[in-house]
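From first to last, the protein sequence lines are chains A and B. When we follow the numbering used here, the leftmost residue of the first sequence carries the number 117, and every step to the right adds one. When we follow the numbering used here, the leftmost residue of the second sequence carries the number 618, and every step to the right adds one.
For the record, the hints were derived by calculation from the structure and aren't laboratory data. A few of these clues could be false.
[Stated by the list, open to error] Quick list of the computed label-pair ranges, beta carbon to beta carbon:
(1) 226(A) with 724(B): 28 to 36 Å
(2) 291(A) with 727(B): 56 to 64 Å
(3) 134(A) with 721(B): 35 to 43 Å
(4) 119(A) with 756(B): 14 to 22 Å
[What the hints assert, rightly or not] So, partial list: chain B residues that the calculated Cβ filter (under 8 Å) puts toward chain A:
(5) 632
(6) 644
(7) 658
(8) 685
(9) 704
(10) 710
(11) 720
(12) 748
(13) 776
C-beta atoms are modelled at their ideal positions from N, C-alpha and C, and glycine is treated no differently.
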Amino acid sequence: MTPDEFRERAATAVEPLQPSPASYEWLRANVARRRVRTRLVTAAAAAAVVGLAGAGYAALPHGDSAARPHTGATQLMTRDTGPTVSPSPERTMIGPKPYTRPTVAMDLDGDGKVDTARIVEEPGRWGVEVERTERGKATVWMPGLLGRYAHAIVASTNVDDDYRAEVVVDVSDDPALEELVVLIPVGMRDLVWLAEADGAVAILRQGTDGEVRHSYGCADERDAGLGRVVIRQTKHVRGDARHVYTVVNGRLRFVRDVPGTDLPLPESNCSV
Amino acid sequence: MTVTMAAVDDLAALYAAHYGSLVRLAALLLDDTAGCEDVVQDAYVRVHGRRMDDPDKALAYLRQTVVNLARSTLRRRLVARRLTPRPERTDVEDAAYATVERDALVQALRALPRREREAVVLRHVADLTEVQTANVMGCSVGSVKGYTSRGLARLGTHLKEQA
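Next up, chain A with everything else stripped away, as it sits in the complex (with noise of 0.2 Å):
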């Protein structure tokens, strides 16, 4: 059996097992259990310390013979907080793309019952507000986009055929280019975004940016065991096209273009 013959029947074999909304919460619980635990452990061993100074303390003669001499010097315990980290200025310029913040309907858990989300701002950041049916609402901040303007959920739709909705969103202030973060729900209450392998949020382009032509698509279906999948990023100049290939963490399968704009189909129409 030659290796790429065993990694395509092991991707297929393994292929039906997808993590449902409870293995998350599951995890939840299980760290939840763990971060107990170890305080009861930590709570019972410094009770025991204590217990044993107090005991050392109690059988050490007391009274006037056991004067210490005292150094004159004083150590002072100081934690250096290092520089003050000031957050960044609240973007103004917004550029002249128009933007929308309209409250977006979903399914984001995938239980038949309609969710919304919008992008909502502080000074500093931006994040999206989750109001789940049964579940209330959530907000999830995007510290690392700062400086990036969110300018519209441009997709609420299920984009990589699973049964849950993922957030599109536009961060691009160029009205002919779009360039989208992807946001994919997490158990019940959580988003998190699309990540290059080094963690990194990745971003696919698409539209035109002077004379620069962006598409991105998917370019290898091979995501088993580690679930990795590349992602081609073409930028088209004078006729030439010129690839990026960048490998993003997860199982995003792009199965239909992102929706909700008027710029051709993107290359990742395809099944990866």
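Please build the complex by placing chain B on the supplied structure of chain A, with the hints as guidance.
What follows is chain B alone, placed relative to chain A:
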């Protein structure tokens, strides 16, 4: 990319990036798929308390823990006892596990000696290099090469026999 990472929620990000793939990896390493999620849950619980600047280190640690836990049935039982009760599986999830159990390749993998199975899966499913596989398995690169080629040959034979 010009934007740098600041994790929204480390646990959520780690979960989204690797959980599914590690469950699938565990399913190929274990003798039964039923325990694969327990193993991955425990690996996540262990890695969560650690500070790691390099995301790849977290993945390497998770993978190593999954392999270690997959090795011992006794250890897996202890893991299951440490975890909170598992949420009930839906019919769809039950069906998915049953499908994986019935797969001819999965059955052929289970017939392999443990180290051959690990080597083949780590090299060709987890896409580790020979050096990385040797580190995870705690053996030499030469051994990894031997286990992998023997494992693949044996798998081919098993599958032909099954057919």
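Quick rundown of the hints versus the structure:
{"no.": "1", "hint": "226(A) with 724(B): 28 to 36 Å", "in the structure": "holds, 31 Å"}
{"no.": "2", "hint": "291(A) with 727(B): 56 to 64 Å", "in the structure": "holds, 57 Å"}
{"no.": "3", "hint": "134(A) with 721(B): 35 to 43 Å", "in the structure": "violated, 21 Å"}
{"no.": "4", "hint": "119(A) with 756(B): 14 to 22 Å", "in the structure": "holds, 19 Å"}
{"no.": "5", "hint": "632", "in the structure": "holds, 6 Å"}
{"no.": "6", "hint": "644", "in the structure": "holds, 5 Å"}
{"no.": "7", "hint": "658", "in the structure": "holds, 5 Å"}
{"no.": "8", "hint": "685", "in the structure": "violated, 17 Å"}
{"no.": "9", "hint": "704", "in the structure": "holds, 4 Å"}
{"no.": "10", "hint": "710", "in the structure": "holds, 6 Å"}
{"no.": "11", "hint": "720", "in the structure": "holds, 4 Å"}
{"no.": "12", "hint": "748", "in the structure": "violated, 17 Å"}
{"no.": "13", "hint": "776", "in the structure": "holds, 7 Å"}
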